[in-house]
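2 protein chains.
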Amino acid sequence: MRIKSIPDETISRLFPYMRALICLIKEKTCIVSSKRLAEICNINATIIRKDLSFFGEFGKRGVGYDVHNLLEKIRSILKMEETKKVALVGAGNIGRAIMSYKHFPSEGFKIVLAFDNDIKKIGTETNGIIVKDIKNAAKLIKSENIKICILATPVSDTSKIVNMLAKVGIDAFLSFSPCRLNMPENVKVTCMDFSTELAKLAFYSNNEIE
Amino acid sequence: MRIKSIPDETISRLFPYMRALICLIKEKTCIVSSKRLAEICNINATIIRKDLSFFGEFGKRGVGYDVHNLLEKIRSILKMEETKKVALVGAGNIGRAIMSYKHFPSEGFKIVLAFDNDIKKIGTETNGIIVKDIKNAAKLIKSENIKICILATPVSDTSKIVNMLAKVGIDAFLSFSPCRLNMPENVKVTCMDFSTELAKLAFYSNNEIE
Chain R
30 MRIKSIPDET
40 ISRLFPYMRA
50 LICLIKEKTC
60 IVSSKRLAEI
70 CNINATIIRK
80 DLSFFGEFGK
90 RGVGYDVHNL
100 LEKIRSILKM
110 EETKKVALVG
120 AGNIGRAIMS
130 YKHFPSEGFK
140 IVLAFDNDIK
150 KIGTETNGII
160 VKDIKNAAKL
170 IKSENIKICI
180 LATPVSDTSK
190 IVNMLAKVGI
200 DAFLSFSPCR
210 LNMPENVKVT
220 CMDFSTELAK
230 LAFYSNNEIE
Chain Z
30 MRIKSIPDET
40 ISRLFPYMRA
50 LICLIKEKTC
60 IVSSKRLAEI
70 CNINATIIRK
80 DLSFFGEFGK
90 RGVGYDVHNL
100 LEKIRSILKM
110 EETKKVALVG
120 AGNIGRAIMS
130 YKHFPSEGFK
140 IVLAFDNDIK
150 KIGTETNGII
160 VKDIKNAAKL
170 IKSENIKICI
180 LATPVSDTSK
190 IVNMLAKVGI
200 DAFLSFSPCR
210 LNMPENVKVT
220 CMDFSTELAK
230 LAFYSNNEIE
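Protein sequences appear in the order of chains R and Z.
Mapping to my numbering: the first sequence position 142 is 171, numbers consecutive.
Mapping to my numbering: the second sequence position 171 is 200, numbers consecutive.
Careful, some of the hints might be misleading.
[Claimed, not checked] Quick list of in silico lysine-lysine cross-link-like pairs, PhoX-like style, CA-CA up to 20 angstroms:
#	chain 1	residue 1	chain 2	residue 2
1	R	K217	R	K171
2	R	K108	R	K217
3	Z	K55	Z	K114
4	Z	K161	Z	K114
5	R	K131	Z	K149
6	R	K189	R	K217
7	R	K150	R	K164
8	Z	K176	Z	K161
9	Z	K55	R	K149
10	R	K150	Z	K131
11	Z	K150	R	K131
12	R	K171	R	K131
These aren't lab readings, by the way, just hints derived from the structure by calculation.
No experiment lies behind these values; they were computed from the predicted model shown.
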């Protein structure tokens, strides 16, 4: 799919739509209006209609969207028809919390490989996942054909690990490392940097916003 | 400060600039060019100059920015002249990992209060922080005059907690709860939703980007 013209914000909202649709299916709802979807997702109905129109999904005026069809369509856009296998590097506090993150199974993600370079962490188990030696990461990630990796590594190691993993096919990183990464070409990164986000909130906190 | 016209992206980059300036001070660098700052931060020099111009900081053409002055200015903009006190609600896996996050002290943040409603967690200690009963949150947060709160709470509890805390003065939330929150007026939230971020990465992974 050519995705030049689809705004990043639209892509960001597809997963919340998917969540809402899964809830609606559990409630045995077959048709949903953009208004109802707006209430569930806490997103403006006009934005929802615009977002979905990017993918040729318009619903029926005055009726709404077919819940099953729309879910299938969004799953296909996000390439999430099957459980998405994810690797993790760094089994410290953050890494282990991610390994235990209870929403992943129901939301279509599974951490199938976890790595560290610390001899004390290698061989330990969290939530059924055994931490393996980072030295074996290239071989194992390649053989599992994993494309997405979560990084919970120290700043000093992160760049080296990114370059190593990009060579074996990882093209998307979710990074908890508090550094700005210089990514190889065609590799996407999302940084979850706690201090930067808190600093932004500090700026807005008690500030006069017009 | 009136902040209507300052883009959110500019605010997001101030903390990385602050980090870089602190490193430069440690290296005893007094003057830094936007080019050098660009290399350290992995941000385009033109963007840096534009960002800083919002705050009336232009540097000297051909010389650069005074590192100490610029750091002081950014600290003041972010209201981070002193360590920023933060509260945390939810002492599960994510909450405890956040309580142990080793970068906070050097980056100007301190979690001074942590709460949970689970009797098994109340009274436990992580990284020197004792988890307190959520019932005492309003009183303690008010008396510490805390404005920023990290939420690592179950989806079912989050809205109720947000409304309770907003009433006692919290006006900025960093939420790890995977739900879209309907915020009270003048309250800012940043959501760190792992599944949504992974789903976005799944979309871009192996996709043809023009």
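Hints violated by the structure (listed by number, smallest first): Numbers 3, 9, 12 - these are the hints that the structure violates, sorted from lowest upward.
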